[in-house]
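Novice: Chain residues, written in single-letter form:
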Amino acid sequence: MPHISKNNKILSLKNVYKTYLQGKNHIPVLRGITLTVRAGEMVSIMGSSGSGKSTLLNIIGLLDDYDQGEYLLNGTLMGKMNESKAARLRNRHLGFVFQSFHLIGFKTALENVALPLFFQKISRKKRNQKAMEYLDRLGMAQWANHLPNELSGGQKQRVAIARAMIADPSVILADEPTGALDSTTSLEVMKVFKEINAQGITLVVITHERDIAAMTDRIVFLQDGVIQTDE
Amino acid sequence: MELLIFNKDTWQEIVYTIRQNRMRSLMTVFGVFWGIFMLIILIGTGKGLQNGAYSSFESYATNSFFIWARNTTKPYKGFGIGKKFNFTNDDTRVLRTTVPQIKALGPRSRIRGETGFNNVVYKDKTATLTIYGDEPEIRDINLMEITKGRFINRLDIEQKRKVAVIGLESLPLLFTGGQDPIGRYIRISGVEFQVVGVFRLPNKNDDRYEENSKAVFLPLSSFQQTFNWGEIVGWYSVNVKSGYDAEQVKKKVRQILARRHHVAPNDIRAFGSWNMAAEFKKMSDLFTGIRFLIWFVGIFSLLAGIIGISNIMLIVVKERTGEIGIKRALGATPVSIMSQLIFETLILTSLPGYIGLVMGVGVLEIIDRILVFLRTDTQMFENPQVDFYAALATLAVLTLGGVIAGIIPAFRAVQMKPVDALRQ
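Chains as they are written, first to last, in my numbering: chain A, 604 to 834; chain B, 7 to 430.
Chain A extracted, bound-state conformation (with noise of 0.2 Å):
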């Protein structure tokens, strides 16, 4: 694991603007957005759909690009790059739990996790047994042969969180993680997001839901792409 002391700046946007092209019209999504998240936070981002939320987690997960002002990751600019860099970038340093899962339908809950190392091109045997252990430790152990479709939601969302924890990620992205959970089990993937809070990896987790923002330390309110409140 990472070590980062709790003062660092983990994430760091400084006036992100971005813009999409619809047709042949311009639409700001993101307007100016400066947020620091610091090492071992776990930070909730709301807002209605429409505001930009995903757009910035998209962008923090470099799974996007901005158009203007500055984004550093842990202490590094990251700038325009390619694909290849930028897929070792998220492959290192960051996980991702989406609200659909996003779990690879024809390969075992195993296997699903082991992924981000199959991209590490670690070694079959080592991965799978690292893979073993984090499914047990999300109690999933007895699942681990089981196809995505065997699973339940809680269940599924599980394993999703365990493929994003396996490479040792600094920053676990989480978007809308409880989106397609019953209440119950939305408290029970919070309980698990809290636990891996605590062990020091930073968490960014967009939600709508507003008993599930109030399970974290801070919430970052968006509005038509600027940040409204920020508590």
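Mixed in with the good hints, there may be bad ones.
[What the hints assert, rightly or not] Cut-off 27 Å, straight-line C-alpha distance, at most; resulting in silico cross-link-like pairs (DSS-like, lysine-lysine): (1) B/Lys423 - A/Lys688; (2) B/Lys258 - B/Lys80; (3) B/Lys257 - B/Lys288; (4) B/Lys423 - A/Lys724; (5) A/Lys688 - B/Lys14; (6) B/Lys423 - A/Lys617; (7) B/Lys14 - A/Lys728; (8) A/Lys733 - B/Lys14; (9) B/Lys423 - A/Lys683; (10) B/Lys14 - A/Lys724.
In case anyone wonders, no lab produced these hints; they're calculated from the structure.
We have chain A already, so just place chain B on it with the hints.
Specialist: Coordinates of chain B only, in the frame set by chain A:
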């Protein structure tokens, strides 16, 4: 680093791709299989036809021609139309000394065995055989095998020896089973000849096999003496040195013979001739054309199969956009996504292609077995086969095609930004 081919994930994905739409995959894969299968069958049958056609040339050196005397068709030096003339032993000497392009010159004479007229006798047995008067050189032009004893030699010619070389197939007509013919005397048109050798023709596909295998060879000089031919030579078989054009040499020989026999230099029809080389070239040109056509048709049907695979891969990429997006979010580089897809395409083309190749060769082998089983004396079609290089070329085309077919879908797969791919 694990190699793609040894990687379980690679194969897992290929199996998944096929399973996702079994019918569709099978049809496309069948396209490549069929393309290769047909190409191999076509190449094999083409080769079989070629072998069949070439085999009728096998009894002769192909760079050779025959020339014989007919009647003049133009008046010349006071002689009218229709003058008869014959080649003579003097012509043989002149041609042998003045035309260096000739490798072997065979002066020949023949008396055909006429049905019902038994011309060869041994004790109480008789046979109707074609009698040839020949010199040793004929063996350089008409290929034959001496199974026992020897062929006619120079001394036989010089000393006008009464010796004979007899066809293996005519032995049973004259000698009762197992009798060694060597040293025995047979009577040809009332004159005794001692058998010194037995010959066999190697090629049963020659249309003259029947006639020529039941024949007797005598030294030309003895033949001329026995049948009162004097100095007359029936015709010439000429083998041209390699590197020279048989047609040019034929012209030169004709000019020399025309001058010696007072035939008008432009009286081409006074001579009859057969250019084996030209006939052979016509045949080989025909087969070059056929081969070109086969590869042309074959490659394009194969191409259709490969394009089908490429198409399917495009659909697969589209269907799996989301999955590709996930992989990229988790750290798959564009290169790794692309190489996986290209490898997948390569397997989808080369595996059925390889099966097509093996099955095509197998079917040709079966056809060959059947042909051997049904063997007849003359064959239009013989030994269909695909040579090693043709098979190698097909495999190369297949592999290259597979890679090319994978390139477009692979590029399509990484064209999208990961965020857009994830949204699907």
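Novice: Each hint needs a verdict: does it hold in this structure or not?
Specialist: Right, here's what the structure says about each hint:
Distance check on the hinted pair: B/Lys423 and A/Lys688 sit about 14 Å apart at the alpha-carbon level, within 27 Å; holds. Of the pairs offered as hints, the one joining B/Lys258 and B/Lys80 holds, with about 19 Å between alpha carbons and a cut-off of 27 Å not exceeded. Note on B/Lys257 and B/Lys288: the hinted pairing holds, with a Cα-Cα distance of about 19 Å set against a maximum of 27 Å. Using a Cα cut-off of 27 Å, the hinted pair B/Lys423 and A/Lys724 holds, with the two alpha carbons roughly 23 Å apart.
A distance of roughly 26 Å separates the Cα atoms of A/Lys688 and B/Lys14; the hinted pair therefore holds under the 27 Å criterion. Our distance criterion of 27 Å between C-alpha atoms is met by B/Lys423 and A/Lys617, whose separation comes to about 23 Å. With a C-alpha separation of about 12 Å, the suggested pair B/Lys14 and A/Lys728 falls inside the 27 Å cut-off, and the hint holds. Taking the CA atoms of A/Lys733 and B/Lys14, the gap is near 18 Å; set against the 27 Å cutoff, the hint holds.
For the given pair, B/Lys423 sits about 13 Å from A/Lys683 by alpha-carbon distance, which is consistent with the 27 Å threshold. Our distance criterion of 27 Å between C-alpha atoms is met by B/Lys14 and A/Lys724, whose separation comes to about 13 Å.
The structure agrees with every numbered hint stated previously.
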